[in-house]
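Participant: Sequences listed follow chains A and B, in order. Count along the first sequence from 1, then add 75; that gives the number in the numbering used here. Count along the second sequence from 1, then add 6; that gives the number in the numbering used here.
Please keep in mind that the hints were generated in silico from the structure rather than gathered at the bench. Wrong hints could be hidden among the right ones.
[Claimed, not checked] Pairwise CB distance ranges (calculated):
no., chain 1, residue 1, chain 2, residue 2, range
1, B, PRO208, A, PHE129, 28 to 38 Å
2, B, GLY174, A, ARG89, 22 to 32 Å
3, A, ALA96, B, ALA62, 25 to 35 Å
4, B, ALA62, A, ARG93, 28 to 38 Å
5, B, ALA92, A, ILE310, 49 to 59 Å
6, B, GLU194, A, ARG93, 25 to 35 Å
7, A, ARG93, B, PRO76, 37 to 47 Å
8, A, PHE109, B, THR70, 55 to 65 Å
[To be verified] Partial list, computed: chain A residues near chain B (C-beta under 10 Å):
no., residue
9, ALA110
10, SER112
11, ALA113
12, GLN152
13, ARG155
14, GLY158
15, GLY206
16, GLU207
17, ARG209
18, LEU211
19, GLU212
20, MET214
21, ILE216
22, ASP217
23, TYR221
We put the CB at the ideal spot given by N, CA and C, even for glycine.
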Amino acid sequence: MIVPIARLGGSAARRLSRLGALARFGFGALRAGFALSAAGRRVAFRVTLNQIRFTAVNAVGLFVLLSGILSFLVISQLVRQLGTFGATDLIGTVIVVAIVREFGPLITALAVAGRSGTAISAELATNKVLGEVRALEAMGIDSRQYLVVPRLAAALVSVFALIVVFDVGAVAAGFLAASINGMTGTRYAETVLQSLGADDIWLTVAKAVAFGLIVGVVPCYFGLAARRSTTEIPIAVSRATVVALVGIFICSALFAAIV
Amino acid sequence: MTAPPLEFVNVALPARRPQALSLTVPAHHTVAVLGDEASGVGALSGFALGLERPAAGSVKVFGTVIADLPERERLAFRRRVGYLPAGDGLLQNLSLRDNVALPLRFGSAAAPPEIEGRVNVMLAQVRLAPAAARRPAQASEEERRRAAFARAMAFDPGLLLLDQPFDGVTVRTAAELLEVARGGETAEGGRRTILVTGHELPEAIRRRVETVYRLSREGVLEPERA
């Protein structure tokens, strides 16, 4: 009886210990970011722009497509169903509650973690295995400042920007769906704007920061945890993806519980 | 009295070898320590730079144990030492030119035009200018090696640590790169102090090295030639 409980406790302790290491790594990266020299800031800024190009700019089309299809499907069904009860005014509320508050940030974070988080963990694990991280440290370059800080900054900016893209795309597609199903554009715009409050904006910003931190820190942590063997690269990518996805869901649930 | 550029004092090598290693690399000398993989010779540069700590003993670089410094100072101090890791350690997503420029762009207070000027000089010195736009994966082994040498010398350091620096290059190229690394000759020897570690050295290179040591698997260090 005691052995299974002890095993359970050991497993929980290991997970907690890893969570602590992840948090320490994240705080260390933030501290390293604030300690950047002027020259280091110039280099890190250039790397950050490059990361934003890959993570956000190159993904705009994908996110417009995802948000458009999701919103079109949801609104098409809602207009028909709510129309039978004469409750089409609720469409704006549903768009704001379901898409802007919940699905927009959640799907954006999941997609960025799947698309860019995997790339980051694979890249950093390769850097580590090929001895590039060691070479950076030997040249007097803090690997967190050069590798982690720009990716973290880019993740924060990209997740926020892509949530905005997702929400705008979803509202625009909802407009199209509502129009096709007999609701006037003006009425649709009115119901959406009535339902949208300042709290929704702040909630979106808070979620963007939280999800951006997860998408930025987790892949870097697992990528740099690889040691000297190429077989560790896919393991690092897999672990980073699973932890980031679980972290995003838990974080989303916490927001729903708190707000 | 000034401290020697590099001094290993009773350093315990990996795998608990019975003999502790002591070695002083005099200023302006090029010293080679050769040994097979099991000898632990590959750990020397990492110990010197404070990337790893020996289980016992200490390594002083210009009289300072880098591993004992606080993190910021440790990183700053390493810029006084040029390092060429085994396998070159070039960043694959940067061009050879950007690889050479990276330590200067990140760690130098000089203005960008000055940095680019210095990079041009380094690329010319190692005869890499025509291939500088290539990424490591597009470059030949010799070009990558030339870039790694240029990067190690970016800050014009007084001490160079070269791990297996001549793997994959011809004896002629190796001799040329060693001459560039020495930075010209003075009355005492080369302008720079160099520690070369590796498994073997071609005879033509040995002639340009002041002292060659052989490190045995038991951790015994003996000079091959005075």
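Participant: Looking at the structure, which of the earlier hints fail to hold?
Facilitator: As far as the earlier hints go, 1, 2, 5, 6, 7, 8, 12, 13 and 14 are violated by this structure, in ascending order.
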